[in-house]
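With the hints as extra help, turn the sequences into a complete structure.
Residue numbers (our numbering), protein chains in the order written: chain X, 928 to 1074; chain Z, 8 to 525; chain P, 38 to 227.
It should be emphasised that the hints constitute simulated quantities derived from the structure, not laboratory data.
Here the structure is a predicted model, which is why all the values come from computation and not from measurement.
Where is the CB? At the ideal position from N, CA and C, for every residue including glycine.
Just so you know, not all the hints are guaranteed correct.
Said to hold, decoys possible - Capping the alpha-carbon separation at 25 Å, the derived lysine to any residue pairs in SDA-like fashion look like this: (1) P/K70 <-> P/L54; (2) P/K91 <-> Z/R231; (3) Z/K461 <-> Z/P396; (4) P/K91 <-> Z/G89; (5) P/K70 <-> X/A1057.
Stated by the list, open to error - Cβ-Cβ distance ranges computed for the label pairs, FRET-style: (6) X/H1032 <-> Z/L16: 43 to 49 Å; (7) X/F1062 <-> Z/R47: 29 to 35 Å; (8) Z/Q126 <-> X/G1018: 40 to 46 Å; (9) P/L181 <-> X/D986: 43 to 49 Å; (10) X/G1018 <-> Z/L429: 53 to 59 Å; (11) Z/P249 <-> P/D168: 49 to 55 Å; (12) X/D986 <-> Z/V469: 53 to 59 Å; (13) X/L936 <-> Z/P249: 50 to 56 Å; (14) P/G206 <-> X/V939: 38 to 44 Å; (15) Z/D467 <-> P/D212: 39 to 45 Å; (16) X/F1062 <-> P/V178: 27 to 33 Å; (17) P/T182 <-> X/G1018: 23 to 29 Å.
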Amino acid sequence: MSSNHHLVLRVVAKLLIPAIALFAFYVQFHGDFGPGGGFQAGVILAVAVILYALIFGVDEARRAVPPWLVRAGCAAGVLIYAGVGVATLIGGEAYLDYDALGPEHHHGQHLGILLVELGVLTTVASVMLAIFYAFAGRAPDIPDEEW
Amino acid sequence: MSAADVISLYPAFIVEHAAPLVVVVPLIAAALAAMTPGQRPAWLITLGATGASTLLAILLLAQTMTQGVVSYALGGWVAPIGIEYRVDQLNAMILLLVGVFGFLCALYAPRSVDDEIPQSMRGLFYSCFLVCFTGLMGVAITGDAFNLFVFLEISSLSTYVLVGIGSHRDRRALTASYNYLILGTIGATFFVLGVGFLYAATGTLNIADMAERLSGLEASSTVRAGFAFIVVGLGLKVAMYPLHSWLPNAYTFAPSVVTAFLASTATKVAFYALVRFFYSVFDPGFVFEGAFWIWLVAPLGVIAMLAASVQAVFQTDIRRLFAFSSVAQVGYMLLGLSFGTAAGLGAGLLHLLNHAMMKGALFMAIGAAALRFGVMRIEEFRGLGRTMPFTMAAFTIAGLSLIGVPLTAGFVSKFALLNAALERGWWWAVVAIAVSSILALIYVGRIIEAAYLKAPPTRDGVSAARAPAPLSMLIPLWTLALANVWFGVNAGFTTSLACNAAMMLTGDGVCIGPGAAP
Amino acid sequence: MGDLIVSHYNYWVVIVLMMMGLYVVFASGNMVKRLVGLGVFQTSVFLFYITLGKVAGGIPPILPEHEGGEDHSTTGASGAATTGGHGEDAHGAEGAHGGDGAAEHAVGGDHAGAVHHDAPIGFEFDASALDATYSNPLPHVLILTAIVVGVATLAVGLALVVGVRDAYGSIEDADISRAEYDLDANGGNA
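Okay, structure coming up:
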């Protein structure tokens, strides 16, 4: 694909992608006030990278977000989630009882759900990208010329 | 050593939080295994996590022995509002089973994995194995119906992947895994639909709470529809006879260690879930449930025992043969369950434990043969008694146990099942057990005949050399083979596990009599 | 009869979707189409759960803000979701059945009422908020989980289909069976 193709698309995408990523974090941090949370935010964040890959090519996207990072992210999210649980255990409460995380009830609950949602965000975004890379990274067995 | 002594060996912190840790430890280990680059660290993590989970399962079993039910409120949200982990005598037994077999399979895994799975996937294979282990532990420990669905799918999804990895040896693993995925997902969706019906009728998802609120709702068609959907859903996961079509191919084409693990745990855990719903959630006294047992579960169990055994006799691939045999053995367990008595359920649960030991040993021995000679068909097993003497000796012990020869574990549970059938007065069940055992003698006998009475294959006039299996395989294999003998001679431990669970569930005071054990 | 269809239209949608999905799963010979059918089938169950949670005249289960500090109002809101989830089961059951008057609803209602008083932590909110009718959010949460499970299933399924395409050069059952049959006929063990 020559570089001057899809000029409008490229410019629009460059404007949109940061906004999409930002919106993902808005949804993430808004999750404990209203509708939103890690699942939705993770998918939106992954969409930003997938859009980048669609416009600029999967190879470019792989350079920006390398597959090893994606694989580590899948595991890291689980570790954050389970780690919060272990932290509450060490804090002397039941597993995932966020009260252990803060000096008083509200504070602990607030911090706990935020951290767990962060773990969800990490894993969901990484898994979405892993799925995308796995399917999009395959060489098409019908070359473009044969269409 | 008494149960209280066992508990005193653990630190107080662990004793307090054993219930969540038994699931969380393998979950964290799975994430760590996915992050580590090499396969050896991943394997060590797997071994450590399954071992730690086993120790925790032993602790939980000891706790249920001293205090009855262990209840743990996750997040401090007390049941029925929050998700509860609830361990009683029934699932303490299942937790121990999954833990022990997870550990033994982890011990067995490295040589087999090196042989059958490409280098780049081995780290992720161990991670996937641990996720499956986590899911099975979760199904066994949770006290929440929807949470049970989630764990069931965690274990199933990783199982599809584990079966599919076998495609590097045989591409048919892919279609086997795909069919398993389609049927498994239909089963899980039916199950969740059934749970939805029960939620509509009771307004709760906590299993203990649901049971309480269901009493008196016997006439409700919502409850009956929920019952039907749950039975079909879990029936697919258990491989109840007409719903078993996913199982033979999945067992045949999965990597050896995966087959050994699945055969000894996955259907067992699904069977546990079925028992939990039959006895804990629904009241066994419900008229529709009693009729269902007599008119559907018992006949299907008997048909499975006979038809699947006949199918096993005609197989040429050994793993396929034992896969059909597994379907038949599920029939034994279902038959025991359908008696509706403590003796019957106890015999079914005892057979569940014993069958895990037999099939674990058999599939491990087959995996060792596959590693050394790449053999999978019965005629290829000829002379294996001479070329792999230790492996085949263990194989023979487990095979005899499968037939039900006295002094093996299989005899104890079949004898208990016969007693329960006589107690109920079901002569046709007695006949079915006898016929099915004869069929088992035929299909196991064919292999043992090939292994011991036929000469090893020769190449250029030279007979195949002795090639014993590596020690890392022989240790778990012989552990299980000796367990088959030990629990055949001295069945006190397994019998009391199964009986205590059965008596707790049925409320009967008498279970398998002392006369059951020889 | 017409009344039965109109007043329970949501269940009819669920049943029709479920049957369509199952039919595609069993009737189609194309592996991707079967996964699509599986997705439709699962979606019908999601829809069933969602209709369970809808309460006639119910409002979203978010408690109105209490006069006071920022901190209190936020925990009030998140806490309300939890109390609502477990306390409003009575409404959930009624809404689900469109009030067709079977005895089970009354039973469900009694118990849910009992649960309501067991709410473990006190929240700060307007007392009048307790009198409002809320929709039951719990089924939504459950289905969010089930959707994630469904997505994971679809991903694994598609990955397997891609593998089958590589190994057999086709994703049609008929072609795959033929390839296997040829293999068996040639006595190969692959």
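For this session: Check the following: the C-beta atoms of Z/P249 and P/D168 are separated by a distance inside 49 to 55 Å.
Result: holds, 52 Å
Exercise. Should the hint that Z/D467 and P/D212 are 39 to 45 Å apart at their CB atoms be regarded as holding?
Worked result: holds, 41 Å
Exercise. Taking the beta carbons of P/G206 and X/V939, is their distance inside 38 to 44 Å?
Worked result: With a Cβ separation near 39 Å, P/G206 and X/V939 satisfy 38 to 44 Å, so the hint holds.
Exercise. Taking 53 to 59 Å as the hint, is the beta-carbon distance of X/G1018 and Z/L429 inside that range?
Worked result: Holds - the Cβ-Cβ distance for X/G1018 and Z/L429, about 57 Å, lies within 53 to 59 Å.
Problem set entry | Hinted pair P/K70 and X/A1057, Cα distance within 25 Å | holds, 23 Å
Exercise. Can the restraint linking P/K70 and P/L54 be considered satisfied, given a maximum Cα separation of 25 Å?
Worked result: holds, 15 Å
Exercise. Under the criterion that the straight-line Cα-Cα distance not exceed 25 Å, is the pair P/K91, Z/R231 satisfied?
Worked result: Holds, at roughly 23 Å.
Exercise. Between X/H1032 and Z/L16, does the C-beta distance stay in 43 to 49 Å?
Worked result: violated, 36 Å
Exercise. Does 29 to 35 Å hold as the CB distance between X/F1062 and Z/R47, or does it fail?
Worked result: Roughly 31 Å apart at Cβ, these two residues keep to the hinted range, so it holds.
Exercise. Measuring from beta carbon to beta carbon, are X/D986 and Z/V469 in 53 to 59 Å?
Worked result: Check passed, 54 Å falls within 53 to 59 Å.
Problem set entry | C-beta pair X/L936, Z/P249: status relative to the range 50 to 56 Å that was hinted | Given a distance of about 54 Å, which is inside 50 to 56 Å, the answer is holds.
Exercise. Do the Cβ positions of Z/Q126 and X/G1018 conform to the proposed distance bound of 40 to 46 Å?
Worked result: holds, 42 Å
Against the hints set out earlier in the document, violations occur for numbers 6 and 9.
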